[in-house]
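Visitor: Keeping their order, the protein sequence lines are chains A, B, C, D and E.
Sequential numbering from 1 applies to the first sequence in our numbering.
Sequential numbering from 84 applies to the second sequence in our numbering.
Sequential numbering from 276 applies to the third sequence in our numbering.
Sequential numbering from 651 applies to the fourth sequence in our numbering.
Sequential numbering from 885 applies to the fifth sequence in our numbering.
By construction, these hints were calculated from the structure, which means they are not laboratory data.
For each residue, glycine too, the CB sits at the ideal point set by N, CA and C.
No false leads were slipped in.
If you anchor each label on the Cβ, the simulated ranges turn out as follows:
| id | chain 1 | residue 1 | chain 2 | residue 2 | range |
| --- | --- | --- | --- | --- | --- |
| 1 | C | 516 | B | 200 | 52 to 60 Å |
| 2 | B | 222 | D | 687 | 47 to 55 Å |
| 3 | D | 687 | C | 485 | 24 to 32 Å |
| 4 | D | 865 | C | 290 | 56 to 64 Å |
| 5 | D | 865 | C | 644 | 30 to 38 Å |
| 6 | E | 938 | C | 283 | 36 to 44 Å |
| 7 | C | 283 | D | 865 | 46 to 54 Å |
| 8 | D | 698 | C | 633 | 48 to 56 Å |
| 9 | A | 10 | C | 314 | 46 to 54 Å |
| 10 | E | 894 | A | 82 | 33 to 41 Å |
| 11 | C | 584 | B | 156 | 25 to 33 Å |
| 12 | C | 584 | D | 865 | 39 to 47 Å |
| 13 | E | 938 | A | 32 | 29 to 37 Å |
| 14 | D | 687 | C | 290 | 43 to 51 Å |
Just so you have them, the derived chain D footprint on chain C, three or more residues with Cβ under 8 Å:
| id | segment |
| --- | --- |
| 15 | 436-443 |
| 16 | 447-454 |
| 17 | 485-495 |
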Amino acid sequence: MSLDYKLKISIPFENNNQAEIAGNSLRPDPILKADEMTVDFSTDNEKLICYFQGVSDRVIRVAVSNVLDNIKTIIECIEQFEG
Amino acid sequence: MAFLSTKFPSFDKTIFISLLVDVDQHTLEEVKTKLIEGNKDYDFAFFNTNYIISKEHLLNGIHRAMINYKNGSAKSKTLNTEIILNMSPVSNIMEALKRFGIDSSKESANLLCVKVIDDDESLEDINNTLITNLGVSKDQNVELTDDFLLKSVDVAKFKKLYKLNDAKYNDKKPLQNQLTRLAIGACLLRGT
Amino acid sequence: MTVDLDKFKKPGKDYYLALGLEGSANKLGVGVIKHNLGQLSSENRAEVLSNVRDTYITPPGEGFLPRDTARHHRNWVVRIIKKSLVDAGIKGTDLDCICFTQGPGMGAPLQSVVIAARTLSQLWKLPLIGVNHCVGHIEMGREITGANNPVVLYVSGGNTQIIAYSRQRYRIFGETLDIAIGNCLDRFARVLKISNDPAPGYNIEQMAKKGKHLVTLPYTVKGMDLSMAGILSYIEVLAKDLFSSNPKKNKNLIDEESGELITPEDLCYSLQESLFSMLVEITERAMAHVQSNQVLIVGGVGSNERLQEMMELMVNERKNGSIHATDERFCIDNGIMIAHAGLLSYRMGQINDLKDTVCTQRFRTDEVFVSWRDD
Amino acid sequence: MDVVSQGAEAVVFVTTSHPYCSQPAVENDKYIIKYRPSKKYRHPKIDAQITKNRTVGEVRFMNKLEKLGINSPSVISADYVNGIIWMEFIGDGLPNGDISSVKNYLWYLEKNDDDDGCVSDEVQSMLVAVGRLIGELHANDMIHGDLTSSNILLNGKEPYLIDFGLSSISSLAEDKAVDIYVLERAIESTHSVFADSYNKWLLKGYVQGNKKSKEVLARLEEVRLRGRKRSMLG
Amino acid sequence: MNSPIAEYSSPDINKTLTAGDGPHSTNGKTTQISEFVTKAGGEDRDKPTEASDSQLGQLRAKITSLQDNINVFLTQRMKQVKDEGDIERRILDDGVDEDSD
Chain A
1 MSLDYKLKIS
11 IPFENNNQAE
21 IAGNSLRPDP
31 ILKADEMTVD
41 FSTDNEKLIC
51 YFQGVSDRVI
61 RVAVSNVLDN
71 IKTIIECIEQ
81 FEG
Chain B
84 MAFLSTKFPS
94 FDKTIFISLL
104 VDVDQHTLEE
114 VKTKLIEGNK
124 DYDFAFFNTN
134 YIISKEHLLN
144 GIHRAMINYK
154 NGSAKSKTLN
164 TEIILNMSPV
174 SNIMEALKRF
184 GIDSSKESAN
194 LLCVKVIDDD
204 ESLEDINNTL
214 ITNLGVSKDQ
224 NVELTDDFLL
234 KSVDVAKFKK
244 LYKLNDAKYN
254 DKKPLQNQLT
264 RLAIGACLLR
274 GT
Chain C
276 MTVDLDKFKK
286 PGKDYYLALG
296 LEGSANKLGV
306 GVIKHNLGQL
316 SSENRAEVLS
326 NVRDTYITPP
336 GEGFLPRDTA
346 RHHRNWVVRI
356 IKKSLVDAGI
366 KGTDLDCICF
376 TQGPGMGAPL
386 QSVVIAARTL
396 SQLWKLPLIG
406 VNHCVGHIEM
416 GREITGANNP
426 VVLYVSGGNT
436 QIIAYSRQRY
446 RIFGETLDIA
456 IGNCLDRFAR
466 VLKISNDPAP
476 GYNIEQMAKK
486 GKHLVTLPYT
496 VKGMDLSMAG
506 ILSYIEVLAK
516 DLFSSNPKKN
526 KNLIDEESGE
536 LITPEDLCYS
546 LQESLFSMLV
556 EITERAMAHV
566 QSNQVLIVGG
576 VGSNERLQEM
586 MELMVNERKN
596 GSIHATDERF
606 CIDNGIMIAH
616 AGLLSYRMGQ
626 INDLKDTVCT
636 QRFRTDEVFV
646 SWRDD
Chain D
651 MDVVSQGAEA
661 VVFVTTSHPY
671 CSQPAVENDK
681 YIIKYRPSKK
691 YRHPKIDAQI
701 TKNRTVGEVR
711 FMNKLEKLGI
721 NSPSVISADY
731 VNGIIWMEFI
741 GDGLPNGDIS
751 SVKNYLWYLE
761 KNDDDDGCVS
771 DEVQSMLVAV
781 GRLIGELHAN
791 DMIHGDLTSS
801 NILLNGKEPY
811 LIDFGLSSIS
821 SLAEDKAVDI
831 YVLERAIEST
841 HSVFADSYNK
851 WLLKGYVQGN
861 KKSKEVLARL
871 EEVRLRGRKR
881 SMLG
Chain E
885 MNSPIAEYSS
895 PDINKTLTAG
905 DGPHSTNGKT
915 TQISEFVTKA
925 GGEDRDKPTE
935 ASDSQLGQLR
945 AKITSLQDNI
955 NVFLTQRMKQ
965 VKDEGDIERR
975 ILDDGVDEDS
985 D
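Could you build all of it, start to finish, from the sequences and the hints given here?
Guide: Shown next as structure tokens:
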């Protein structure tokens, strides 16, 4: 099956360090249905780039919403506890 | 003069057992009648010897009856009947009396007399009175032995009654011992 | 114990501080613990600096779904961590390590919490320690009660196990063959629409205190294992028959001795009496088996007073028997136990790389190498 | 009357006095009294019910074993209300004075012998015989319910089963598999170092004793898997 | 300040999704508690903390809006696929209503 459905999300943090922290926190968890989709996290300066590729809109939807939920937790953590 | 007496470690009573052989039909009928009348002189548990495989088998029945009486879990009105019931693998009292009680169906039969007595009673007096009351000769009063019991039992009928036909028997061990063990097991499980 | 717990101490610092994050079921807990250098002993106890908890509570008759439970944890975790630090009077950077529940538990809630742990670890540059939830209960119970080497009865919503230590593992001697005790109580509570606030098991316990008549229920013990599914389905049918909203279906059940009607309170009482008898029985079996005379009860159901009372009656009849139980601060899932067990790991040099911080729903108690004990 | 063991459920005494017969048809002149005391922690109704059920169940099971000629002690008497069973004495003492249960024997080896001694041919043939005995039990649809290394006694080299308070009758592969699983786990927790070998030998014997072991062993796989799955929730 | 943005592509369309014009809040439409809880009389006491005015606080609110938009968009797409599939199946099966789900 080809991963024809793609979604690239760009999250602008305050700086590269924050974006790196977010990527590192998200990366360890394995993707459910790994045979039907991939998720890749990278940074571009202060931006965190989350790239989802899947066989259908359905598989992407669940993964995206969960990742965004996690990013919100990470942001709240950084905001409250940085420095 | 021959009778057995024994005591059980956990009871204060003495067990009296006396065997009378070849008691004639008439006497046996009379004992039955007196029993039904409730005659105090006949306050024994009377057995035939067709289905008692060993003394241990008999003693287990007596012991169990006494335990049941103590626990208030006895199923019969008198200890004597309870003893007879506890020799049987089935719970029906009439059935137990038929198999184990006085057998007056033949011209003569053995009569085994069992009584649980208080310590201060004289065993000899009891035995003498029993023989006198029944009008049997002292020669008919013989010692109860396991050999005697084994000979008076029809093993095929015994196995049928205790449902032991499918049991696995070990040729190296005495059959009487094995039947004793199995029969006691069956008696202990009656009504459970 | 001859294990050296201070091989990794920081120069010039004579204590350790650990943060613990727990979220394997419907409780979110965060706590800070302090160990001084040296062996833990009656003279050198671990110190609880803070222990904060928030529970996701569902309406009567409803269980908690992973999705909503994860949402609860996610939306509360930062506030609870903040409160825990304030209560402890410390800054994040004062800590030595961050400990989190790695399993067993519900996947989504576990994951929603570990995300915070990973972020904090990077912000404060602290190592992460993944902790087995059950080992957390055991170590905290041992520490709080001083029970040195007890047989542990672990009873909670998801677990029912009899555990004893042997050769650096907490080994499972007996466990449920089907559902967990807490699950059994919760599901019964749902049938009777008993409130989930503060917890269904707590409300069953209060109702059971008013119960008078014992209804005979199935009793299934197999060796040191037990089964509860049969009891549950039996009493569910009874309860549905008795208290059906359809009056035509209402069947009354009468107590044989008194002739009185069986009430919901009687059912709660009967259920507790039967289930707890089984638990105490298998605990006693395990004690006899490993020749131990100490019992430690941990897990949420462990705070039930009747269970503790029955266990005490059992233990009192054994030579030199002693029973140890903690109150609901430590019995019910909490972050402090994760901090404590995690700190023991940390002091032995067992830490997790970021890539090894994935949570797992299945994580057996006996998988953990108990490096901090060698008795 | 001396206490032999104080188990969780019962106190076991040894005595030289038979409850009712001076020359019983058993080989040993010592007897065992197994007493299930009332448990204060249980509701009296539950307590009476359990005491009676377990005592009756045990006698019934032992009687069945006797009939089948499967090694186990012979029943001498019983008092169901008070939870007492009198039975034949089985076993001999180990050099250290402990009762010759499989557990004590293996522990004795662990303490006094080297590793080779713990997994010697003798130990293997003993455990194979134990497995065979359990196989025979299951071949007759009898479930022990509480198999542990302490519930198997050695009379010379012959293993004997004891402790049938949790026994049941069942032809289901599931029940037999759980029975074995309980033993496997007991071996793992009690004899952890050599558990793998011990369990392997037990199963080897089991297959010899139970001709219909295939279905049971398949089921055992499932039961083991379920055991691991059960730790899913915290 | 930059906003989070998502680029969607599939064999049939490409689309850019944004957080929209606001106002933004952390209380997203598509991240509410399960319906059955509120139906059973439960209240939602687990709403996220409100966003602060800081850049990160605003980012969190904007992500919530973006998340809503993505969820709505993808759900719509999934429904469409299903509807189209259903129509196709109906035509192919010529009125035979087979319960294939």
